[in-house]
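> Residue numbers (the numbering used here), protein chains in the order written: chain A, 1 to 521; chain B, 1 to 364.
Just so you know, these hints were derived from the structure itself, not from any lab.
A hint or two may mislead.
DEER-style ranges, computed between Cβ atoms [claimed, not checked]:
1. B:Asp206 to A:Pro101: 58 to 64 Å
2. A:Pro101 to B:Trp353: 22 to 28 Å
3. B:Asn158 to A:Thr77: 43 to 49 Å
4. A:Lys165 to B:Leu225: 56 to 62 Å
5. B:Phe300 to A:Arg83: 28 to 34 Å
6. B:Tyr154 to A:Glu147: 17 to 23 Å
7. A:Gly197 to B:Thr228: 41 to 47 Å
8. A:Ala188 to B:Thr228: 53 to 59 Å
9. A:Ala510 to B:Leu150: 52 to 58 Å
Even glycine gets a Cβ: it sits at the ideal position worked out from N, Cα and C.
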Amino acid sequence: MSTLARQNGDTPILALEGVTKRFPGVTANDNVSLAIWPGEVHVLLGENGAGKSTLIGMLSGLQQPDEGRILVDGVPTQIRSPRHALSLGIGTVYQHAMLVPTLTVAENLLLGDRWWKRPRKEALRAEVEVLAKSLGMKVDLDAVASELSLGEQQQVEILRALLRKSRVLILDESTSMLTPAGIEELGALMRRLVERGLAVVFITHKLREAAGFGDRISVLKLGRKVGEIAPERFRALDEEALIAEVVEMMFGQRSGDPEEDPGARRKPHASGPVLLSVRDLRLAPTGTHPGLHGVSFDLRAGEILGIAGIDGNGQKQLAEVIAGQLAPASGSIRFDGAPIDGLTVGQRRDAGLRYLTDDRLGEGTVGPFPISLNLLLKQVGQPPFWTGHVERPAEIERHALRLIRSYDVRTPSERTPIGRLSGGNIQKVLLARELAEGAKVVIFNKPTYGLDLANTLAVRDRIRDLADAARGVLLISTDLEELLQLCDRIAVMAGGALVGTVENGADARAQVGRLMVGLAA
Amino acid sequence: MSVDTASDSGALPTSRPGRGGGKLAARRLLLAVGPVLIALALAGLLLAALGVNPFEYYGFVVERGLLSPTGVQQTLTRMAPLLFLAAGLIVAFRAGVWNLGVDGQFLLGAVTAAASAPWLVTFMPVWLATVIVFVLAAAVAMLWSLVPALLKAYQGVNEIITTLMMTFLGTSLANVLVKLVFLDPGTTVPQTRTLPVADRLPRLFDTTISSGLLLGLVAIIAVHLMMTRTDFGLKLRVVGANPRAAVHAGLGVPALTIAVFALSAGLAGLAGAVDIVGVQGNVRADWNPGYGLTVIPMVFLARFNGFAAILYVLLLSVLSIGGESAARRLGVPNHFTLVLVATVLIVLAIAEWLDHRFQQARRA
Numbered sequence: 001m002s003t004l005a006r007q008n009g010d011t012p013i014l015a016l017e018g019v020t021k022r023f024p025g026v027t028a029n030d031n032v033s034l035a036i037w038p039g040e041v042h043v044l045l046g047e048n049g050a051g052k053s054t055l056i057g058m059l060s061g062l063q064q065p066d067e068g069r070i071l072v073d074g075v076p077t078q079i080r081s082p083r084h085a086l087s088l089g090i091g092t093v094y095q096h097a098m099l100v101p102t103l104t105v106a107e108n109l110l111l112g113d114r115w116w117k118r119p120r121k122e123a124l125r126a127e128v129e130v131l132a133k134s135l136g137m138k139v140d141l142d143a144v145a146s147e148l149s150l151g152e153q154q155q156v157e158i159l160r161a162l163l164r165k166s167r168v169l170i171l172d173e174s175t176s177m178l179t180p181a182g183i184e185e186l187g188a189l190m191r192r193l194v195e196r197g198l199a200v201v202f203i204t205h206k207l208r209e210a211a212g213f214g215d216r217i218s219v220l221k222l223g224r225k226v227g228e229i230a231p232e233r234f235r236a237l238d239e240e241a242l243i244a245e246v247v248e249m250m251f252g253q254r255s256g257d258p259e260e261d262p263g264a265r266r267k268p269h270a271s272g273p274v275l276l277s278v279r280d281l282r283l284a285p286t287g288t289h290p291g292l293h294g295v296s297f298d299l300r301a302g303e304i305l306g307i308a309g310i311d312g313n314g315q316k317q318l319a320e321v322i323a324g325q326l327a328p329a330s331g332s333i334r335f336d337g338a339p340i341d342g343l344t345v346g347q348r349r350d351a352g353l354r355y356l357t358d359d360r361l362g363e364g365t366v367g368p369f370p371i372s373l374n375l376l377l378k379q380v381g382q383p384p385f386w387t388g389h390v391e392r393p394a395e396i397e398r399h400a401l402r403l404i405r406s407y408d409v410r411t412p413s414e415r416t417p418i419g420r421l422s423g424g425n426i427q428k429v430l431l432a433r434e435l436a437e438g439a440k441v442v443i444f445n446k447p448t449y450g451l452d453l454a455n456t457l458a459v460r461d462r463i464r465d466l467a468d469a470a471r472g473v474l475l476i477s478t479d480l481e482e483l484l485q486l487c488d489r490i491a492v493m494a495g496g497a498l499v500g501t502v503e504n505g506a507d508a509r510a511q512v513g514r515l516m517v518g519l520a521a
Numbered sequence: 001m002s003v004d005t006a007s008d009s010g011a012l013p014t015s016r017p018g019r020g021g022g023k024l025a026a027r028r029l030l031l032a033v034g035p036v037l038i039a040l041a042l043a044g045l046l047l048a049a050l051g052v053n054p055f056e057y058y059g060f061v062v063e064r065g066l067l068s069p070t071g072v073q074q075t076l077t078r079m080a081p082l083l084f085l086a087a088g089l090i091v092a093f094r095a096g097v098w099n100l101g102v103d104g105q106f107l108l109g110a111v112t113a114a115a116s117a118p119w120l121v122t123f124m125p126v127w128l129a130t131v132i133v134f135v136l137a138a139a140v141a142m143l144w145s146l147v148p149a150l151l152k153a154y155q156g157v158n159e160i161i162t163t164l165m166m167t168f169l170g171t172s173l174a175n176v177l178v179k180l181v182f183l184d185p186g187t188t189v190p191q192t193r194t195l196p197v198a199d200r201l202p203r204l205f206d207t208t209i210s211s212g213l214l215l216g217l218v219a220i221i222a223v224h225l226m227m228t229r230t231d232f233g234l235k236l237r238v239v240g241a242n243p244r245a246a247v248h249a250g251l252g253v254p255a256l257t258i259a260v261f262a263l264s265a266g267l268a269g270l271a272g273a274v275d276i277v278g279v280q281g282n283v284r285a286d287w288n289p290g291y292g293l294t295v296i297p298m299v300f301l302a303r304f305n306g307f308a309a310i311l312y313v314l315l316l317s318v319l320s321i322g323g324e325s326a327a328r329r330l331g332v333p334n335h336f337t338l339v340l341v342a343t344v345l346i347v348l349a350i351a352e353w354l355d356h357r358f359q360q361a362r363r364a
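Use the sequences and the hints to build the structure in full.
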């Protein structure tokens, strides 16, 4: 942290004093006090439901506190709206992308300018070029937002907040979609930003990111602030000690970083017969994805095959082709000994091939529909839930209650619209839907993206259990730690092709890393 | 970890079973009925400005549309085609297909019925002829929706544009057919041949109410049950609520889309047939009652609920039958009914907005 910033920053840019925010049935924030100083990366840590999003909502003008007050530059201020927050210099990048899907990236970035002025596209192009260069990211200004991957959309949002000359940049779980290299870059960028006297509020689940990029850490738990590590103490501790202290705050008991627990690493399995055999899959590239170029692999029973790679390198297309959602230009897929190229999505699912999508709200669920129907979304019309095409509510309810119990979905009722659940609980519903009854091969696409630690660990246990039960697992992830922990083999995908496959072992991390950046393993 | 049940954004209140349910229903009712009352008051002011006593007008509308024996029979008869149209619109709107071409589909169905019915009854039993006429009318209307259906299903072309375009073409084509192809040589008025009154749909009991009313009620209730209780209806609702989830779940979205167009247009065609075979008996050139576009607001007011739609269609029917009488008696233009419906819609939109703001303010 620069001393310069500290000198002219004897008042925090933003301060919360005793802020409380209640929702029906829940106190989302309980008497929280926080100060955001210029020249600091302030890390907010906490599990899903700890109240981080509500806190961000109040700072960015989406919500108003019930009690307490917010000070901007030491002056009590009511942040009335997101626009007002922006004019105060508070820029927010949300967890879920908030771009207008039908507009291009350039148009999205230009939104919010004075409406009577001609859009300054050329100036924008120059500005973006400089910023993107310093960020090390590629931004196609002419791409339509809806056709970008989630990771790419988030990059555009970070760019937008920076273009608005924010003094405080709030990053709400922005790293969850980025690759390890991308996270490092974002971390470096955060450091550069705070050196210029900006303040960054960085929300994450990953303790290592918190330790690596932060100056100050605040820990939220069940709506209350349970601890803060000030910059002086932050610098005095080494990474291990810091993480140990944060874990103590978060879980109330001392333990190692569970993400790095060597005992959690899965022992490689003696594998069974080939369950899924993919040969020479090809798909023409489009403006938004690189297509597929001769993808071939075998997946055996009891095996977890990882697909590593930077987001948007054809992983999603590979998953969709195997699931039957997308027709390949050529190539063949054999499942359980028989070709499935002619089968529909439903027939593949019935045969035991399951796909757990990464886009939980966009395509995995129908938000306004109750949990019970979302659990049966892929079995509509099947007995015993429908007989003679007529719905049987009692059967549907029984099925829902059984799965809600066995997958520990936290919900008031099975009739609750699924869109009202937290990310972790939506993922539990999807797990219940895809893993229940007859799964033989499961494709997971970024299964722990955006989940808190407890839910992340629970999902990983489910994946391990599947392999232990002699199912095949194809695990697509941008989280290298996750792949190293779970997989037997890791294939690396770049530009729509598998550029190499590595047996998971001592030097797998380095090999995968080399493949990801385009070097031979 | 009980907090975890709340959505992470915390923005949505979680409705719990058994609590607040009655309040919610009351609010819905208020939101549905309130705008109508306010609109009646506003339109009343407009009437007063025109020099007409609004109480006299409304009293006349209610008396002629609902209370007098002939009026109520006319009102109930008028409901038949409107109910079929509402049924067709509910199928489409719930499935996320904005079929705004119902008027063209209605007219082509009507012309088909008017062309075929007088000819068919000459050599077959009336009941069989009626069935065939209904099938033909539905088929022609479905055919007319095929172009928008295929464009939407396979090319993603916005159906609002295509169905509106097709409705203009369909209206013209219906006219051309009446004037050039199915013209009744027996009269000088450009119209189709007329179905004898004896061969029309039977009347209910001793009244003048057409049994088309029963058919319309059956149609809209069947559609409501199909959409809410069957797997097919659920599939359509999934496509309507989240098309990407439908693809992900393996639903055949293009086929379902075409099915929605066929059902929706088919019901609009049946609306045309029931109006011809039940009431009109023939189609005059340039006849276009524009039922479709007036039913659309009713369907929205009913939130795509079949039973609520029946009530709103009754209201529309009373207003239009009563309004026609009032137009003759009080000199208020016939189209004042449309002004009233439009006012209801605008007030409704404002009420929705205020409700939304109120909900937000309560949360904040």
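> Does each hint fit the structure? Answer for all of them.
Cross-check of the supplied hints:
no.	hint	result
1	B:Asp206 to A:Pro101: 58 to 64 Å	holds (60 Å)
2	A:Pro101 to B:Trp353: 22 to 28 Å	holds (23 Å)
3	B:Asn158 to A:Thr77: 43 to 49 Å	holds (44 Å)
4	A:Lys165 to B:Leu225: 56 to 62 Å	holds (57 Å)
5	B:Phe300 to A:Arg83: 28 to 34 Å	holds (31 Å)
6	B:Tyr154 to A:Glu147: 17 to 23 Å	holds (19 Å)
7	A:Gly197 to B:Thr228: 41 to 47 Å	violated (59 Å)
8	A:Ala188 to B:Thr228: 53 to 59 Å	holds (55 Å)
9	A:Ala510 to B:Leu150: 52 to 58 Å	holds (54 Å)
Taken one by one, the earlier hints fail for this structure only at number 7.
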